[in-house]
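There are 2 protein chains.
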Amino acid sequence: MQRTEISTLGEFGLIKHLTEKFKINNPSTLKGVGDDAAVLDYKDKQVLVTTDLLLEGIHFDLVYTPLKHLGYKAAVVNFSDIYAMNGQPKQITVSIGVSKRFSVEDLTQIYDGIELACQHYGVDLVGGDTSASLTGLTISITCIGEGEKDKVVYRNGAKANDLICVSGDLGSAYMGLQLLEREKVVFTANAESQPDFEGKDYILQRQLKPEARRDIVQALAEKGIVPTAMMDISDGLSSELIHICTQSNAGCRIYEDKIPINYQAVVMAEELNMSIVTAALNGGEDYELLFTASIDDYEKIITMEGVGIVGHITKPELGLNLVGREGEEIALKAQGWNSLK
Amino acid sequence: MQRTEISTLGEFGLIKHLTEKFKINNPSTLKGVGDDAAVLDYKDKQVLVTTDLLLEGIHFDLVYTPLKHLGYKAAVVNFSDIYAMNGQPKQITVSIGVSKRFSVEDLTQIYDGIELACQHYGVDLVGGDTSASLTGLTISITCIGEGEKDKVVYRNGAKANDLICVSGDLGSAYMGLQLLEREKVVFTANAESQPDFEGKDYILQRQLKPEARRDIVQALAEKGIVPTAMMDISDGLSSELIHICTQSNAGCRIYEDKIPINYQAVVMAEELNMSIVTAALNGGEDYELLFTASIDDYEKIITMEGVGIVGHITKPELGLNLVGREGEEIALKAQGWNSLK
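Residue numbers (this note's numbering), protein chains in the order written: chain A, -11 to 329; chain B, -11 to 329.
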């Protein structure tokens, strides 16, 4: 029998390959595979569904990830997918597989983190599954949310001349990860060493305890803005913009000097001799919102706190480009984080 | 820090311990943890949500489980939980973690099985997550279903004098598993040996390719019967009856000679010198429906194909008892399959 290595297809190629033969059977299924969340039609409300699988050694390293933070983050990244549809997360199911290495106290810490996230975002735990595992820790979370009819925002609605907007700053979570990895190497070499985290609290928090941008979704609603496309930035700005442009059949132009970057992340990048722009474009795990909006909403958007305009959507034939500080144009590439490579 | 081994709490104790501090925040959350599925209120329909986590080496053994069957079963066991709420499965999300040991062809087989199940039961795949794994295969499926308002059936509605009914037969899936385990041992000792499966197709199919009892849910609707309590039998009749009686604050009396058992399962049990009644009570994985119904529905129920009455609900002070062939009473114990032990 033929054997094709999974790495040859890549994550999105694999998902396409595996799911393209599935047919839609139910009128209540408005949107299936291919966005931040599925959309189900329940008359006056639309039900949003998203799911994430987190595996030890692939998605998290317990050497430097406190279990309570892990639980918090595992829940929040799912809430983020619901906000990215312009919806509100309402319920989650949590399934956990644990090896004998873990105690009840360990699991309690994970659930304490999940509970904190649920309280903070007003979400209910409604089910799950708990199982032994032969190796390591597995966390699978599914989140159900609600969207107002006609206000759910997909990835495919961006139009030429739309503004491209980003919340918060980008690249900080990735620089936090680089810092943790560096201190892990130091610690492995010398267990007496103390990690050097002074003045780096922001990038650490961005990596270990990210928040979902409920405030941005709320601000959009208050200002009467319905984005034309939206998604959360989990794999890096480049990769996500490519998704939006591909699904919207559009091009884009973003400006390097408009990409929002935090000072601590810049300092960390210099310390590690890395490019902070590359981290912002490809680092991932920022869980900020990337959205496009009609140029008619320009006046409203510039008054929004924590939102920056980084460029605009173009016709598809103009391609997907980053305009550098010297005015040079560089084609955007998806170098986002990909566990299957 | 204190360390409590997970095995000391057991699966249900652990779930209770981990989830009891969670509060319900949303009016749309009608029922959270503690039944076959969660129930969400969306006006005229109720949305049902259930999830299952399957881990290699714990829930399945790839030595004797074809990947397509595994995919089929992984989907069907979730549909079964929705039918057990008297609902209809509509959508699933599928998350899979795979190590490098697996090829695209392997994954395609799993998805072929899932697709077959989706087509057969009219369910849509609406999302998921695909990830690398350091070890083995992980499958996490969440199923969303719909229930008619006032017709969703919980575990807690059984009343004294209600009939206890079971669909199909019990213990066959467990005997199929025992057969597969025996042949695995034989094969490990001598790779030239051919498995002896003649006349054992039914119990093998019950283990490797179970079906969910959509037909029973449909028949109940056609006859105008709304069970007072219902669940699917995944852990064995004893364990499930204890759930229903505990949640309904009731006792029960079931009769050994009424427990439906298949001939192939009896033969297999004799070959292996095991008790088929024990297998039926504690074997699990039958995915039959266990339900209680008002005595007023007796005439309707006895005309239902594939449904047997095995006993009746009593007042709680009478306890939970099995009446043996000689009339002796034996207290029911939950010895169901438990991956955490």
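Derived by calculation from the structure, the hints in this document are not laboratory data.
It is possible that some hints are incorrect.
Any copy, or any two copies together, can satisfy a pair, since identical chains are not distinguished.
To be verified - Below, simulated DMTMM-like cross-link-like pairs (lysine to aspartate or glutamate); rule was C-alpha separation at most 25 Å, straight line:
#1 Lys31 with Glu169
#2 Lys31 with Glu314
#3 Lys147 with Glu258
#4 Lys147 with Glu305
#5 Lys147 with Glu180
#6 Lys88 with Glu210
#7 Lys303 with Glu199
#8 Lys139 with Glu317
#9 Lys56 with Glu136
#10 Lys197 with Glu8
#11 Lys11 with Glu210
#12 Lys88 with Asp284
#13 Lys147 with Glu93
#14 Lys4 with Asp284
#15 Lys11 with Glu316
#16 Lys4 with Asp285
#17 Lys31 with Asp138
Since we're looking at a predicted model, the values are computed, not measured.
Against the structure, the hints come out as follows:
| no. | hint | verdict |
| --- | --- | --- |
| 1 | Lys31 with Glu169 | neither (48 Å within a copy, 49 Å between copies) |
| 2 | Lys31 with Glu314 | neither (52 Å within a copy, 57 Å between copies) |
| 3 | Lys147 with Glu258 | neither (37 Å within a copy, 70 Å between copies) |
| 4 | Lys147 with Glu305 | within (13 Å within a copy, 69 Å between copies) |
| 5 | Lys147 with Glu180 | neither (56 Å within a copy, 64 Å between copies) |
| 6 | Lys88 with Glu210 | neither (49 Å within a copy, 48 Å between copies) |
| 7 | Lys303 with Glu199 | neither (33 Å within a copy, 50 Å between copies) |
| 8 | Lys139 with Glu317 | neither (35 Å within a copy, 61 Å between copies) |
| 9 | Lys56 with Glu136 | neither (32 Å within a copy, 39 Å between copies) |
| 10 | Lys197 with Glu8 | between (35 Å within a copy, 24 Å between copies) |
| 11 | Lys11 with Glu210 | neither (38 Å within a copy, 28 Å between copies) |
| 12 | Lys88 with Asp284 | neither (58 Å within a copy, 50 Å between copies) |
| 13 | Lys147 with Glu93 | neither (51 Å within a copy, 38 Å between copies) |
| 14 | Lys4 with Asp284 | neither (35 Å within a copy, 52 Å between copies) |
| 15 | Lys11 with Glu316 | neither (45 Å within a copy, 54 Å between copies) |
| 16 | Lys4 with Asp285 | neither (35 Å within a copy, 49 Å between copies) |
| 17 | Lys31 with Asp138 | both (12 Å within a copy, 18 Å between copies) |
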